[in-house]
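Engineer: Chain residues, written in single-letter form:
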Amino acid sequence: NAGVTQTPKFQVLKTGQSMTLQCAQDMNHEYMSWYRQDPGMGLRLIHYSVGAGITDQGEVPNGYNVSRSTTEDFPLRLLSAAPSQTSVYFCASSAWLYSPLHFGNGTRLTVT
Amino acid sequence: KQEVTQIPAALSVPEGENLVLNCSFTDSAIYNLQWFRQDPGKGLTSLLLIQSSQREQTSGRLNASLDKSSGRSTLYIAASQPGDSATYLCAVRPEETSGSRLTFGEGTQLTVNP
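Order-wise, the sequence lines are chains A and B. Just so you know, we're using our numbering here: the first sequence kicks off at 3 and counts up by one. Just so you know, we're using our numbering here: the second sequence kicks off at 737 and counts up by one.
FYI, nobody ran anything at the bench for these hints, they're computed from the structure. In this text, all values refer to a predicted model and were calculated from it rather than measured experimentally. Note that beta-carbon positions come from the ideal geometry of N, C-alpha and C, so glycine has one too. It is possible that part of the hints are untrue.
Unchecked claim - Taking lysine to any residue and the SDA-like style, the derived pairs with C-alpha atoms no more than 20 Å apart in a straight line are:
#, chain 1, residue 1, chain 2, residue 2
1, B, Lys737, A, Lys16
2, A, Lys16, A, Val90
3, B, Lys778, A, Pro41
Said to hold, decoys possible - Stretch by stretch, here's where chain B covers chain A in the computed footprint (C-beta under 8 Å, at least three residues):
#, segment
4, 13-25
5, 63-69
6, 72-86
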């Protein structure tokens with residue numbers, strides 16, 4: 003079982019560049035979300051989706067866009083990368099809003 | 737604003753020891769609490785989820801308890817093994833549905849020495 007798959011695993015960007023972090027799940031989960039993990043800050047919610055066509059902002063949404071055109075995919079777009087977006091990004095999904103979360107292995111992003 | 741605290745930040749024990757990890761939260765209006773483990777360079781793996789109406793959940797050598805009124809949860813690991821070495825995080829989900837964001841603690845880094 004693939005579970006939650008994130009690509010790429012590592013990425014280096016220059017300030018101002020844009021990119022898309024990919025996330026796909028094969029468990030037919032309705033709920034998907036993006037977190038960033040920073041030392042001393044813990045995990046913080048960026049955006050989430052409760053189903054295809056529905057997205058909403060989390061705790062730290064600025065500088066990021068998401069869309070959910072299919073149940074399986076939930077890409078995260080960085081519009082204009084900034085050094086403050088250097089972090090480890092995790093995608094997570096669950097069958098519904100209140101069931102256990104399943105995480106991908108993360109994307110380590112460095113913005114120089 | 738919900739705050740989740742995990743103490744200690746790091747713990748080192750000899751193999752075979754029973755141990756308890758602590759998680760406290762400031763707002764008792766939670767829907768559930770989840771314990772995760774995170775191995776270096778990896779994502780989080782869900783260990784146990786306790787609903788607010790439950791007192792404890794068990795899975796193998798793991799037992800998680802919840803005292804919602806006092807804002808505390810513990811994760812008990814029996815007969816610890818070197819393979820248990822990881823960072824353990826707890827997260828609470830609020831009762832209110834808007835946003836429904838999990839609030840995570842910063843974790844306890846556990847090292848089990850052979």
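Engineer: A separate judgement is required for each hint: does it hold in the structure or not?
Structural biologist: Against the structure, the hints come out as follows:
| no. | hint | result |
| --- | --- | --- |
| 1 | B:Lys737 / A:Lys16 | violated (35 Å) |
| 2 | A:Lys16 / A:Val90 | holds (16 Å) |
| 3 | B:Lys778 / A:Pro41 | holds (15 Å) |
| 4 | 13-25 | violated (count 0) |
| 5 | 63-69 | violated (count 0) |
| 6 | 72-86 | violated (count 0) |
The structure fails hints 1, 4, 5 and 6 (numbered hints given earlier, in ascending order).
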